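**Student:** Chain by chain, the residues run as shown.
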Amino acid sequence: MTVTSRPPFRVRDVLRTFALLLLAALFLLPFLLVLRNAFATDAQITAPQTLVFPFPPHVENIPDLLSNDRVNILTGLRNSTVIAVLQTFFTILFSSMAGYGLARVPFRGRDVVFAVIIATMMIPGAALFVPQYVLVAKLGWVNTLQGIVVPGLFSAFNCFMFRQFYLDFPKELEEAGRVDGLSWLGIFRFLALPNSRGIITALGLLTFIGSWNAFLWPLVIGQDASLWTVQVGISTLLTAQTVKLSQLFLASLFAILPLVVIFLVGQRWIAEGVKMSGSKG
Amino acid sequence: MSTDRTLRPPAQRPRVNRRSRQWESTLAFWVFVGPLLLGLLAFTVLPLVWSFLISLSDARVSLNVGKWVGIENYVSLFNDRGFLDSLRTIGLFTLCIVPLTFACGLTLALLVDASKRGKAFFRSVFFLPTAVSYVVASLVWRMGLFNGLYFGLANRLLVALGLDPIQWTFDSPWVWVVIVTVRLWLQLGFTMLLFIAGLNEIPRTLYEAARIDGAEGGWSTFRFITFPLLRNTSVFVLFTSVVGAVQAFDEFYNILGSGAGGSSTAGVLGARPPMWYLYEAAFGSQDYGRAAAGSFILAALILLFTLLQARVFGLGRETD
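One line per chain: the protein sequences are U and D, in this order. One rule links them: number in the working numbering = place in the first sequence (from 1) + 62. Mapping of the second sequence onto the working numbering: position 209 corresponds to residue 206, and the numbering continues sequentially without gaps.
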């Protein structure tokens, strides 16, 4: 019995842990830099002596930033929230419905419809951004909220993931629903959806993160400062270089804080979503 | 498949009922799939067709089809040094970032997976950058870590080591360090998670068997068991990181750009990447015909690579 168990390599374990700790510090360094610079003065940031952390932290940077008209961080946060919430809700709604229909509802042309949807998944985003702009401009949606939101509501990828999920959904549950006199929509609404919380959370969080962090599309469509998302706003400040360093970093802190919180709370589901996309994609 | 038809009970429901049920499910199918399908047709297929027509038209400062110029837009792109250089820039970038992402992601996964203590902690720390946008990461890299002035963190380190500070974002080849590491930091956690998931699917019994057969562990186990069995994950990682890299825009624009209409320091790379080139063609010079043609060329290159990869690795599907 003792043949298969190896003696522990203590040296190797210590080395590995040491390497991991070093790497972890390196990965966290950018976060610490944001925190430090957000609560320091520009004089402290550029001082010849390296500052580890400003004590006491300059919390007055916060009201300074909020009252700075050129930054408009609150407008950015509001726009980003509205866009990300709308896109997450409708993307998940449309793709779960379509995924369920494609997996469960018998229809003769189902495979053809599925093939069409999968084919659109193959089109890279690079091929779409000029064409979609052309369409949105023709609709007169440049500089509107719907111009930013609507083209991003239809995800073939999420639909594919939901379809794979519902293919394995227990048939008995559906049959029980039929016996109780539920229609297809009723079965979806009252049996399938409540039993898909895991996948909805996983894909929903991934969609939310993607939407919150999106840059090129909101940059192109939301040209007016009142429509800037937090990413577009920060990019404008960064590339124009008109704002104090500490304010740039504090604005960044505002932009990443909501996601870091969501991340720490929903990490289990996000990791699940990543795994799903890896094994099914 | 040979089911004995004679053993089946005869259909019990009346015909009419079955037909109405069929109609009911057809209707339900369209209610379920209709919204997504219509959306995809309207916002993916229709724009593609339209902009293909535009790419064959003279569409300067106009979004209309009609002034046909044939393949002139495509020809002019292939004669444009700026466009060709942008393809070279992104090719070089892809060659740097993809192997690095692959190797570092796999290494991280192996390290975290093998660690006995704090596995969940390390996984979270390495995955956390996924929450950060390219815009914010670019800001941190440009203004904080790799600021070309003396107070950038990398320069403070160099000076402490007795070396000269570097003007990171203005200086080739150093600018490549900035532009590659920012994407590496952002996407390594994702890659690591994929590899960890792949590692967990390898049956433990294989390692036991190898040990009984006298494998020494370490490199030979990795070479003959772990790596071959990670094939599907590896193909997926390669595929997603290449497709992502070729379409890179955010970090280039935010690290090297100086705002709408302003000049940029992208020259240190040789040229700006294709997505930035297309962005300028469409929204700077308003030449939608050329921009559309460019996006089709880029898409064709990505598709070509995808097919090539499918050819080399199979479709990345395991048949068990």
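Careful: at least some of the hints might be erroneous.
Below, computed lysine to aspartate or glutamate pairings styled on EDC-like, alpha-carbon distance capped at 16 Å [as the list claims (entries may be wrong)]: (1) U/Lys200 with U/Asp75; (2) D/Lys116 with U/Asp75; (3) D/Lys113 with U/Asp75; (4) U/Lys337 with D/Glu198; (5) D/Lys64 with D/Asp284; (6) U/Lys306 with U/Asp75; (7) U/Lys306 with U/Asp104; (8) U/Lys306 with U/Glu122.
Pair by pair, the computed Cβ-Cβ distance ranges are [unchecked claim]: (9) U/Gly248 with D/Leu89: 54 to 60 Å; (10) U/Glu122 with D/Ile199: 16 to 22 Å; (11) U/Ala287 with D/Gln19: 50 to 56 Å; (12) U/Arg140 with D/Leu81: 40 to 46 Å; (13) D/Val66 with U/Ser288: 55 to 61 Å; (14) U/Glu234 with D/Val28: 19 to 25 Å; (15) D/Ala297 with U/Asp126: 45 to 51 Å; (16) D/Tyr147 with U/Met183: 45 to 51 Å; (17) U/Met184 with D/Gly88: 43 to 49 Å.
Note that these hints are calculated values from the structure, not bench results. Note that the structure is a prediction, hence the values are computed from the model and not measured. All C-beta atoms, glycine included, are put in the ideal place defined by N, C-alpha and C.
**Student:** For each hint, tell me whether it holds in the structure or not.
**Tutor:** Status of each hint after checking the structure:
1. U/Lys200 with U/Asp75: violated (62 Å)
2. D/Lys116 with U/Asp75: It holds: about 13 Å lies between the C-alpha atoms, which stays within 16 Å.
3. D/Lys113 with U/Asp75: holds (8 Å)
4. U/Lys337 with D/Glu198: holds (11 Å)
5. D/Lys64 with D/Asp284: Holds, at roughly 13 Å.
6. U/Lys306 with U/Asp75: It is violated: about 45 Å lies between the C-alpha atoms, which goes past 16 Å.
7. U/Lys306 with U/Asp104: Measuring from Cα to Cα gives roughly 7 Å; hence the hint holds.
8. U/Lys306 with U/Glu122: Cα-Cα ~14 Å, so holds.
9. U/Gly248 with D/Leu89: 54 to 60 Å: At 56 Å between Cβs, range holds.
10. U/Glu122 with D/Ile199: 16 to 22 Å: Given a distance of about 54 Å, which is not inside 16 to 22 Å, the answer is violated.
11. U/Ala287 with D/Gln19: 50 to 56 Å: holds (55 Å)
12. U/Arg140 with D/Leu81: 40 to 46 Å: 43 Å Cβ-Cβ, so the 40 to 46 Å window holds.
13. D/Val66 with U/Ser288: 55 to 61 Å: Given range 55 to 61 Å: violated, Cβ gap about 38 Å.
14. U/Glu234 with D/Val28: 19 to 25 Å: For D/Val28 against U/Glu234, whose Cβ atoms are near 24 Å apart, the range 19 to 25 Å holds.
15. D/Ala297 with U/Asp126: 45 to 51 Å: About 50 Å separates the Cβ atoms of D/Ala297 and U/Asp126, which means 45 to 51 Å holds.
16. D/Tyr147 with U/Met183: 45 to 51 Å: Holds: the Cβ-Cβ distance is about 48 Å, inside 45 to 51 Å.
17. U/Met184 with D/Gly88: 43 to 49 Å: violated (21 Å)
In the structure shown, a violation is registered for the earlier hints numbered 1, 6, 10, 13 and 17, in ascending order.
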